[in-house]
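A.B. asks: All chains, please: the whole structure from these sequences, using the hints.
Residue numbers (our numbering), protein chains in the order written: chain V, 1 to 336; chain U, 337 to 672.
Be aware that one or more of the hints could be misleading.
[Claimed, not checked] Have a look at the derived ranges for each label pair, beta carbon to beta carbon:
| no. | chain 1 | residue 1 | chain 2 | residue 2 | range |
| --- | --- | --- | --- | --- | --- |
| 1 | V | I162 | U | N347 | 15 to 23 Å |
| 2 | V | R201 | U | H586 | 13 to 21 Å |
| 3 | U | R389 | V | P109 | 31 to 39 Å |
| 4 | U | G653 | V | A97 | 50 to 58 Å |
[Unchecked claim] Listed below are the simulated BS3-like cross-link pairs for lysine-lysine, each with C-alpha atoms no more than 27 Å apart in a straight line:
| no. | chain 1 | residue 1 | chain 2 | residue 2 |
| --- | --- | --- | --- | --- |
| 5 | U | K395 | V | K124 |
| 6 | V | K258 | U | K395 |
| 7 | U | K594 | V | K307 |
| 8 | V | K255 | U | K395 |
Hints were generated in silico from the structure; no laboratory data involved. Glycine included, every Cβ here is placed at the ideal spot set by N, Cα and C.
Number of protein chains: 2
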Amino acid sequence: MATQTAGHEPNPLLIYNALNGFQRSTALKAAIELEVFTLIGAGVTSAADLARRAETSEKGMRILCDFMAIEGFLTKQNGIYALTADSAVFLDQKSPAYLGSIAEFLLHPTHIANYLDMTAAVRKGGVVHGQGNMDPEAPVWVEFAKSMAPLSAMGAAAMAQIVNVAGQPLKVLDIAAGPGLYGIEIAKLNPKAEIYALDWRNVLELSAEHARQAGVEKRYHTIPGSAFDVDLGSGYDLILLPNFLHHFDHATNVKLLKRVRAALQPSGRLVTVEFVPNDDRISPPAAAAFSLMMLGSTESGDAYTLKELDRMFRDAGFGSSDAQPLGPQTLIITKY
Amino acid sequence: MATQTAGHEPNPLLIYNALNGFQRSTALKAAIELEVFTLIGAGVTSAADLARRAETSEKGMRILCDFMAIEGFLTKQNGIYALTADSAVFLDQKSPAYLGSIAEFLLHPTHIANYLDMTAAVRKGGVVHGQGNMDPEAPVWVEFAKSMAPLSAMGAAAMAQIVNVAGQPLKVLDIAAGPGLYGIEIAKLNPKAEIYALDWRNVLELSAEHARQAGVEKRYHTIPGSAFDVDLGSGYDLILLPNFLHHFDHATNVKLLKRVRAALQPSGRLVTVEFVPNDDRISPPAAAAFSLMMLGSTESGDAYTLKELDRMFRDAGFGSSDAQPLGPQTLIITKY
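C.D. replies: Next comes the structure, spelled out in structure tokens:
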């Protein structure tokens with residue numbers, strides 16, 4: 001049954017490395033927490049100096065920085081560490097694109113716990129303990145919204161450029177707004193846009209704060225509650241549904257999408273952002289691997305293919321969809 | 337400070353993937369536990385059939401196998417999974433080189449716990465809780481000896497070929513014998529070799545069992561206890577010290593090595609097997625990354641360079657050393 005890969009002798013290292021992958025996760029989190037990248041960016045470049053500034057043992061800092069170099073997050077020459085292009089842009093707190101905070105959510109003990117017994121999750125086909133991250137008002141969503149904001153910021157601005165209609169009034173519903181950036185970017189771009197942000201009450205405090213920081217708070221309205229129960233309002237030109245459908249199964253999503261469609265103008269559009277694997281479900285890697293993220297942390301979520309999403313939209317009464325890449329994700333615009 | 341890598345636009349995916357690395361670890365462990373590779377090797381190749389045989393949900397099995405394909409441990413074509421060269425050799429239980437059991441140790445809850453707070457380990461310069469894996473008779477070492485045996489088997493046979501002296505009586509001390517394979521391979525190769533295996537009493541039960549299985553039990557003797565305290569005996573032609581020095585600091589190792597040298601014949605040789613990084617400490621990757629493994633699980637261990645090891649040997653009175661690769665590790669033969 002074996003497929004021989006050219007130029008690759010059987011070697012247990014790939015297996016050994018994968019099994020040790022959790023050390024890669026927690027070591028990178030430690031380097032972020034200890035502000036190693038920010039310190040190196042500021043010219044503190046030897047293990048001894050970094051240890052002094054970060055108040056760690058010199059040995060621990062040397063081993064951590066060497067590991068970061070092995071893993072491609074630092075370079076090392078003659079004992080002097082330097083940032084890589086990625087770590088300079090994304091892991092130095094002085095960089096506007098800093099996203100080190102995502103480590104807080106991705107390695108939150110609550111989140112890690114969902115993946116420690118994957119055997120049980122595979123047997124069951126979903127999260128093993130309780131509803132996982134899907135409990136109402138789960139505090140993890142405030143953490144999520146705070147720490148993952150930099151990642152959604154990358155896609156949100158590009159999405160706003162694509163879906164905005166310049167000069168036109170737009171009534172926008174942002175479902176599961178989280179940090180709120182998708183709606184806020186539209187409000188920043190279009191002074192006639194009114195944003196209605198829906199999420200758990202505790203999460204909306206954060207998105208409202210982000211709206212204030214962006215100076216769009218007068219056109220920013222909040223709808224606390226569950227997208228499945230609460231009155232969504234009506235007459236929307238755009239309904240944003242970023243990173244939401246992957247938490248649920250087809251039937252649940254169709255139920256939601258029917259409610260969503262009822263709130264949309266016939267001339268309106270539904271805007272979905274998702275990790276969308278190809279039909280083979282193993283490419284592109286980051287989108288396809290997102291299935292496992294959902295298996296571990298939701299009861300019935302998944303990373304859906306375009307065909308599966310289109311079937312959901314159609315089953316809820318929607319028209320045709322157009323898809324385009326949005327970073328590692330996919331932006332889907334669907335007609336009423 | 338940034339080093340631009342040619343052809344590589346700043347991309348947060350490398351960071352995102354590393355932070356999710358723990359999912360890679362636990363998913364591979366799940367696939368091993370559910371005997372996915374063995375089933376595929378036996379011709380069970382669709383997610384539905386695999387789920388039936390492994391008694392899991394079909395969805396969970398599909399997501400797990402897709403993830404294994406994304407990570408390079410399976411291939412997938414038209415919904416049919418197949419083994420890669422590596423998984424056929426190392427992860428199919430029917431293969432003589434099967435080493436899936438290493439997942440039990442590498443992802444043992446006790447072991448994982450050592451790496452969850454790497455920030456604290458870096459601050460301290462070693463294991464955060466207690467002595468980590470270094471507690472006397474820690475049950476983890478029996479797990480270790482059982483589950484890691486296939487990995488040491490790979491190096492042990494090659495080492496035996498190199499250090500054996502055909503036709504000559506050899507009195508061999510195997511320090512921290514673990515599964516016992518280093519000594520046993522010499523005994524299998526040389527009918528005049530007498531092996532003295534030293535380890536914790538609970539671990540020696542396993543190495544003695546392996547000696548019985550190899551039919552060398554009459555020439556296999558055990559010395560229960562700590563290599564630092566127990567009477568080592570004397571007049572050895574070979575003293576094996578595989579994967580031991582990395583648990584301790586220079587001073588502790590020199591103390592041990594002096595005891596070891598006193599037990600050796602002047603014509604004898606010390607045989608060390610270690611993960612040995614180059615002087616840059618970031619290459620080769622597997623050997624260099626072993627430092628982090630030791631930072632998390634020992635009070636003062638490390639992956640030592642050849643220069644550092646040579647200094648230990650010299651400080652203990654030993655003569656010159658010769659080093660050669662032994663898989664991803666290094667075999668070092670040192671004169672009295």
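A.B. asks: So, for every hint listed, does it hold in this structure?
C.D. replies: Here's how the hints hold up against the structure:
Remark: the range hint 15 to 23 Å for I162 of chain V to N347 of chain U is upheld by a beta-carbon distance near 21 Å. Checking the proposed 13 to 21 Å range against R201 of chain V and H586 of chain U shows it is violated: the Cβ atoms sit about 58 Å from each other. In this structure, R389 of chain U and P109 of chain V meet the distance hint of 31 to 39 Å, their C-beta atoms being roughly 34 Å apart. At about 56 Å, the beta-carbon gap between G653 of chain U and A97 of chain V stays in the expected band of 50 to 58 Å.
Between K395 of chain U and K124 of chain V the CA atoms are separated by roughly 9 Å; this keeps the pair inside 27 Å, and the hint holds. At roughly 25 Å between alpha-carbon atoms, K258 of chain V and K395 of chain U fall within 27 Å of each other, so this suggested pair holds. Taking the CA atoms of K594 of chain U and K307 of chain V, the gap is about 69 Å. The hint is violated against a cut of 27 Å. Of the supplied pair hints, the one linking K255 of chain V and K395 of chain U holds, its CA atoms being roughly 21 Å apart against a limit of 27 Å.
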